[in-house]
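Letter 154 of the sequence shown, counting from 1, is numbered 154 in my numbering, and no numbers are missing.
In short, the hints are calculated from the structure, not lab data.
Keep in mind that this is a model prediction, so the values were computed, not measured.
All clues stand as given, with none of them false.
Derived EDC-like pairs: lysine to aspartate or glutamate, alpha-carbon spacing no greater than 20 Å straight-line:
| id | residue 1 | residue 2 |
| --- | --- | --- |
| 1 | 52 | 28 |
| 2 | 185 | 92 |
| 3 | 185 | 101 |
| 4 | 185 | 123 |
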Amino acid sequence: MKTKTIITLFLSIFFTTAIIGQTGIVIDRGGKTYKTVKIAGIEWMTENLAYKPSVGLYWTLNDDESNLKTYGYLYNWETAQSVCPFGWRLPEKKDFQTLLDSLGWTPSKQFEALIVGGISGYEALFGGWRHLEGDFRNAGQNSLWWTSGEFDEGNAWALGMSKNRRGAILGYHHKQNGFYVRCVK
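Using the sequences provided together with the hints, build the complete structure.
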């Protein structure tokens with residue numbers, strides 16, 4: 001039994017080290033610096049983007065500028081397409097799927113790895129989201145991040161995380177909703 005536990009512990013450490021690698025930084029178009037982490041061969045920002053574009057639709061949580069430093073901006077899908085730093089891009093659906101697959105086979109394992117202090121370094125915060133009709137929902141309970149991929153003309157894919165369900169899942173949502181952005185390279 002002791003040998004089995006040691007082997008399991010060793011494999012867990014080895015697996016995690018192989019998937020989650022180096023860290024770095026990236027500077028957005030406005031000059032703000034963000035930390036990054038490489039997970040399963042993809043470099044991810046570990047903070048939500050807080051770049052204020054000159055055009056497009058974007059909001060701070062509850063329209064309160066004091067939330068910008070912690071949560072970044074919420075962007076509609078169209079605006080999200082053009083806000084990443086030069087040389088970086090909005091994740092594709094497959095990038096988020098690779099991220100999830102690399103962190104475990106169950107939504108709860110993925111959730112634990114993605115939250116602040118989790119083994120992945122992704123550092124997910126639960127800043128809620130902005131509904132297309134203008135109200136802010138579920139701050140402190142869930143969060144969503146846009147992908148570059150469309151589901152259909154009015155909807156696009158996003159990664160959603162919920163504290164109540166302790167899970168992370170890819171789903172499609174109306175493009176006029178406001179979600180966060182994590183850029184990749």
